[in-house]
Amino acid sequence: MALWLRNGDVPLASDSSTRFVPWIIGTMVFLSALVLAVALVLESAIDRWQLAHSVQLTVEVPPSADSAALERVLAALRGVPGVVDAAPVSDQHIAQLLAPWIGDDLELASLPLPTLVDVRLAAPGALDLAAMESLLGTVQPGIRVDDGRRWLEPVRATAGALQVVSGLVLLLIVAASIVTVIFMTRTGLAVHRDTIAVLHQVGARDSFVAGQFQRHAFRLALWGGVPGALLAALCLVVIGRLAGGLDAPLLPELALGTGGWIAVAVLPLIAAAISVATARLTVLATLAGLP
Amino acid sequence: MGLVRFENVGLRYGSGPEVLHDIDLVLDPGSYHFLLGPSGAGKSSLLSLLYLARRPTRGMVSMFERDVTAAPRESLPELRRRIGVVFQDYHLLDHLTAFDNVALPLQVAGVPAQRIRNDVMELLAWVGLGDKVDVAPPFMSGGEKQRVAVARAVIGQPDLLLADEPTGNLDEAMAERLMRLFEQLNRMGTTLFIATHDTSLPRRFAHPVLRLDNGHLMAGG
Ligand SMILES: Nc1ncnc2c1ncn2[C@@H]1O[C@H](COP(=O)(O)OP(=O)(O)OP(=O)(O)O)[C@@H](O)[C@H]1O
Ligand SMILES: [Mg+2]
Numbered sequence: 005m006a007l008w009l010r011n012g013d014v015p016l017a018s019d020s021s022t023r024f025v026p027w028i029i030g031t032m033v034f035l036s037a038l039v040l041a042v043a044l045v046l047e048s049a050i051d052r053w054q055l056a057h058s059v060q061l062t063v064e065v066p067p068s069a070d071s072a073a074l075e076r077v078l079a080a081l082r083g084v085p086g087v088v089d090a091a092p093v094s095d096q097h098i099a100q101l102l103a104p105w106i107g108d109d110l111e112l113a114s115l116p117l118p119t120l121v122d123v124r125l126a127a128p129g130a131l132d133l134a135a136m137e138s139l140l141g142t143v144q145p146g147i148r149v150d151d152g153r154r155w156l157e158p159v160r161a162t163a164g165a166l167q168v169v170s171g172l173v174l175l176l177i178v179a180a181s182i183v184t185v186i187f188m189t190r191t192g193l194a195v196h197r198d199t200i201a202v203l204h205q206v207g208a209r210d211s212f213v214a215g216q217f218q219r220h221a222f223r224l225a226l227w228g229g230v231p232g233a234l235l236a237a238l239c240l241v242v243i244g245r246l247a248g249g250l251d252a253p254l255l256p257e258l259a260l261g262t263g264g265w266i267a268v269a270v271l272p273l274i275a276a277a278i279s280v281a282t283a284r285l286t287v288l289a290t291l292a293g294l295p
Numbered sequence: 028m029g030l031v032r033f034e035n036v037g038l039r040y041g042s043g044p045e046v047l048h049d050i051d052l053v054l055d056p057g058s059y060h061f062l063l064g065p066s067g068a069g070k071s072s073l074l075s076l077l078y079l080a081r082r083p084t085r086g087m088v089s090m091f092e093r094d095v096t097a098a099p100r101e102s103l104p105e106l107r108r109r110i111g112v113v114f115q116d117y118h119l120l121d122h123l124t125a126f127d128n129v130a131l132p133l134q135v136a137g138v139p140a141q142r143i144r145n146d147v148m149e150l151l152a153w154v155g156l157g158d159k160v161d162v163a164p165p166f167m168s169g170g171e172k173q174r175v176a177v178a179r180a181v182i183g184q185p186d187l188l189l190a191d192e193p194t195g196n197l198d199e200a201m202a203e204r205l206m207r208l209f210e211q212l213n214r215m216g217t218t219l220f221i222a223t224h225d226t227s228l229p230r231r232f233a234h235p236v237l238r239l240d241n242g243h244l245m246a247g248g
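For the protein sequence lines, the chains are U and S, in the order given.
Just so we're aligned, residue 5 is where the first sequence starts under our numbering, counting upward by one.
Just so we're aligned, residue 28 is where the second sequence starts under our numbering, counting upward by one.
Treat each hint with caution, since some may be false.
As the list claims (entries may be wrong) - A few chain S residues that don't get close to chain U, going by computed Cβ distances all over 12 Å:
1. G29
2. D51
3. S66
4. G86
5. S89
6. L103
7. Y117
8. P132
9. R144
10. L150
11. W153
12. D198
13. E199
14. T217
15. L228
Said to hold, decoys possible - Simulated coverage check for chain U against chain S, where a stretch passes if three residues somewhere in it have a Cβ under 8 Å from a Cβ of chain S:
16. 13-27
17. 202-211
18. 281-295
If you are wondering where the hints come from, they were derived from the structure by calculation, not from laboratory data.
Treat the numbers as computed from the prediction; the structure is a model and nothing was measured.
No residue lacks a Cβ here, since even glycine has one placed at the ideal position from N, Cα and C.
Work out the full structure: start from the sequences and follow the hints.
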């Protein structure tokens, strides 16, 4: 601690007015880690949703259609250019899907359920959906084509909006940190005006004086940023564990990838870099006004 | 040519009254002058122009053959390193030891640590502070602080040495020793300019005297 906060030629380390700065930077790093995690989890979820649904769609054949009608629909589907395969979803699988809601002692045949047909496409967007829907309509009225967009688009729009908000929050956090460092540096320049005058008198350049403030800002940023990032990592681990126990297939996987963990680990360094650059520019801009 | 040249220089603080008027001054390399004048005459103000802490509000100042009146700020540190100053109130850094205070001019100039160590230890021993190397100014007597200030002013072997009331806090013997140091530096080529209101100094050390009265500079014996 004594070495860590050793005074330089400008005794900044003994300024009690800057004791609050590690707390602020630490809080900022903690918040940015959480916000960043949210943005990254959303990002990977959006990716997965896109992949899962772009080469796959579901056709609902109304319950009124008999098995001959179903065969005609399947034949028509397999004839559509871009379609690789079309197969009805088995009653067994549907029962599995519905079990959590309805229970498993279920007599499927007694329910007026549409028959679901899984269609796999050669490539994302290999198909003119509107054309296919009207073609199928002539084979069997009442058919619905569900390419996932119906529910995916609003979910993706929401996730995208959340990402934009996350970005804005991050920007605000960076701006608030910069303002904090500017304020701290200006205060230091005012408090140590006489010391700085002596340094100038013996021939110090402005960059030498700035170096003193940069070292101080670097230490304070790490002093707050490292604990902030550690605390955030702890929170993310706990949330990840809790989410792992959830049985909610539609929720994005709430785990951070390797890249995400690296980003969280690098945050204190980014905070330090921003603090150092801000301190330097503030000192140089302020000293430029001297004779 | 003149190591220092003032032409028609005036200085005012902010929007206050002018405290220096129409100063014309030439200091030749290797010269030694005393600046005499009553309290408030403007001695410290004139020195602050000489050590480049201020710029004149009118007129022209040139130092080391460079017009510094409007020189860019980045060019001043190089010039300041050629000027040693002993301030009236020392201007030592209280959080640093005597050693670090004296080392400061070498440190900001990027001199290697080993050379700093040798030069500073030697000089501190020479001014009789060999046993106070690790003591900070708040724990020193007035005379000791003044000697640290002198050591810091001469450590960089300046071309121009300015002193503001350098003997003010020294006893007879120490003052005598300091003035002899100044004589010696002057003989080695350093230009000296010493502000004082001790009129006995020019009598004991025969160097030209300049008088400052109410902001007006005149030659005078
Ligand atoms: N920083 C300042 N701001 C405003 N006025 C100042 C400042 N420094 C000095 N003055 C004014 O300038 C005039 C000259 O002051 P200066 O300190 O140069 O006198 P001096 O000859 O050094 O006096 P002393 O022998 O007491 O040290 C005085 O009227 C003083 O009030
Ligand atoms: Mg004075």
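Results of checking the hints against the structure:
no., hint, result
1, G29, "holds, 22 Å"
2, D51, "holds, 21 Å"
3, S66, "holds, 22 Å"
4, G86, "holds, 15 Å"
5, S89, "holds, 16 Å"
6, L103, "violated, 8 Å"
7, Y117, "violated, 10 Å"
8, P132, "violated, 4 Å"
9, R144, "holds, 17 Å"
10, L150, "holds, 14 Å"
11, W153, "holds, 19 Å"
12, D198, "holds, 26 Å"
13, E199, "holds, 29 Å"
14, T217, "holds, 16 Å"
15, L228, "holds, 24 Å"
16, 13-27, "holds (count 3)"
17, 202-211, "holds (count 9)"
18, 281-295, "holds (count 3)"
Checked against the numbered hints given earlier, the structure breaks hints 6, 7, 8 and satisfies all the rest.
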